[in-house]
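K.L.:
Chains A and B supply the protein sequences, listed in that same order. Going by the numbering used here, the residue at position 147 of the first sequence is 147; the numbering climbs one at a time, nothing skipped. Going by the numbering used here, the residue at position 222 of the second sequence is 490; the numbering climbs one at a time, nothing skipped.
It should be emphasised that the hints constitute simulated quantities derived from the structure, not laboratory data. Fair warning: this is a prediction, and the values are worked out from it, not measured in the lab. Do not take every clue at face value.
Claimed, not checked - List of simulated lysine-lysine pairs, DSS-like, C-alpha gap at most 30 Å:
no.	chain 1	residue 1	chain 2	residue 2
1	A	37	B	297
2	A	149	B	412
3	A	119	B	350
4	B	287	A	40
5	B	390	A	44
6	B	396	B	412
7	B	350	A	62
8	A	44	B	389
9	A	149	B	338
10	A	149	B	389
11	A	149	B	350
12	A	40	B	389
13	B	297	A	44
14	A	37	B	338
15	A	19	B	287
16	B	465	B	491
17	B	396	A	149
18	A	44	B	464
19	B	464	A	149
Listed below, chain by chain, are the residues.
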Amino acid sequence: MTESAKNPSLISAVLKLPKSLEDFFLLISGISGFALKSFKEMFKPPYDISETLRQFYQIGNKSFALIAVTGFIIGLTLTLQSIPTLHKFGAASLVPSMVALAVILEIGPVITSLIFAGKIGSGIGAELGSMKVTEQIDAMEVSGCNPFKYLVVTRVIASTLMLPLLVVLADAIALVGGFIAFSITESGSFEAFLINSLTNIDMRDIIPATIKTFLFGFSIGVVGCYEGYNASRGTVSVGIAANTAVVISSLLVILIDMMMVQITSVLF
Amino acid sequence: MTQAEQLSSDAVLEISDLKKSFGDLTVLKNINLTVSKGESVVLLGKSGTGKSVILQCIIGLQLPTEGTVKVFNTEFINLPEKERNHIRRRIGFLFQSGALYDSMTVRENLEFPIIRQPDYKKEDLTSKVEEQLKNVGLLNAIDKMPSELSGGMKKRVGLARTLMLNPEIILYDEPTTGLDPVTSNEISHLIIEMQKKFGVTSVIVTHDMPCAKLVADRIVVLKDGMLTAQGTYEELEKSEDEFVRGFFEFE
């Protein structure tokens, strides 16, 4: 239903909030409600498996090359910058371990997610925004189909499941980049580099780092869909939807990361 | 005529005391309208008087601020999703732009509403798509993308997609707007043909008086968010109301 859930006049009348603050709370409540609905609808039949797989392929295919290149450069530069510093302390042998920890725990998930938000979040926002302003979403609704399930749920599932895979890929390529940088000044095989890298990493590091990538993927999918699905009429709103999707989902990635670090430091 | 008298036993659409506001702007003030089975009603009015909003309230894309909209004697928008979609499938909606899914071919556009129905049969699909495209004279466009179609072709494909679910009521939102007179005439005749062939009830929003003349059993005129006159084309043409007569002075 296109009936807007937003009721600014009621909220401002009750809470007497300034306009910007009111808009902020409306946005938070809108995205939260949308996320909850997306989560609930994921488990409700019928399941549009073919469209979910298509989105899975689209999202992975679109971002694969960009994320691979970024992962490689991150591993390379991080290693190049770490070697001189650790040399000063006579700890050059710790470079592989330090790079792996930094990449797997923090840099890999966050940078990959930010790139994913820019590439996929904006794409989803623009695509659904365009469908909204050209009445294609309304057309699905009036034909008795559920556009939310077809358009939103499929994209959110694909985004939630694909981002962790892309992070694993980025991490692996970053380690390759790290090895290439390391081998410029230091000696040793790739196998030795890898063993040295992963020595100080156990499941207590990998599990929280993986869990947060699912949350990043979910939030990027939800925000992209929310902005597109709620685009107002007019072509300008398509650009606004794409742009806002990137800004909000990037911010959410940073916020979720901060919270997850706090939570996992207590739990693990 | 009282409301009770106006309601006929075969009414498929009943709008009572409909009011629709967007924020402080009230678009529809007090709309009462009944449409009988098989009837063809044209909604006429100046731009911005809420004609399309009436169609959106009928199909449930907009919720009434006040009043009720009953289709097939049911206020279906309040029903659970499954029942609501069941009623919606009996109502077709032709959008002003055609609203074709631009990432799908014409064939996929027509298949889309069908393959998501619980009782869908795969073996009937191709023949049904071809049959509906034949009905609108566009069988040769079956594998084209919407971007390859002209405005008139998009509207005809939109109509074919609407017909895929065999609707009992079709709501047309400005079906001839933006088309040349020849194509407009073709679309108007297509609407008549669909009525004759499938016996559908039609509610048509248009500014196109030649189209209204061809398709309307009854014309309803809106002014300032209210129904100001209704009757046949010939009756309204002789109206003493200058506003109503203004629509008919196009020739």
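K.L.:
Are the hints correct? Go through all of them and say.
P.N.:
Comparing the hints with the structure gives:
{"no.": "1", "hint": "A:37 with B:297", "result": "violated (34 Å)"}
{"no.": "2", "hint": "A:149 with B:412", "result": "holds (26 Å)"}
{"no.": "3", "hint": "A:119 with B:350", "result": "violated (36 Å)"}
{"no.": "4", "hint": "B:287 with A:40", "result": "violated (33 Å)"}
{"no.": "5", "hint": "B:390 with A:44", "result": "holds (23 Å)"}
{"no.": "6", "hint": "B:396 with B:412", "result": "holds (17 Å)"}
{"no.": "7", "hint": "B:350 with A:62", "result": "violated (35 Å)"}
{"no.": "8", "hint": "A:44 with B:389", "result": "holds (23 Å)"}
{"no.": "9", "hint": "A:149 with B:338", "result": "holds (27 Å)"}
{"no.": "10", "hint": "A:149 with B:389", "result": "holds (21 Å)"}
{"no.": "11", "hint": "A:149 with B:350", "result": "holds (13 Å)"}
{"no.": "12", "hint": "A:40 with B:389", "result": "holds (29 Å)"}
{"no.": "13", "hint": "B:297 with A:44", "result": "violated (39 Å)"}
{"no.": "14", "hint": "A:37 with B:338", "result": "holds (28 Å)"}
{"no.": "15", "hint": "A:19 with B:287", "result": "holds (28 Å)"}
{"no.": "16", "hint": "B:465 with B:491", "result": "violated (33 Å)"}
{"no.": "17", "hint": "B:396 with A:149", "result": "holds (25 Å)"}
{"no.": "18", "hint": "A:44 with B:464", "result": "violated (41 Å)"}
{"no.": "19", "hint": "B:464 with A:149", "result": "violated (36 Å)"}
In summary, the numbered hints that this structure violates are 1, 3, 4, 7, 13, 16, 18, 19.
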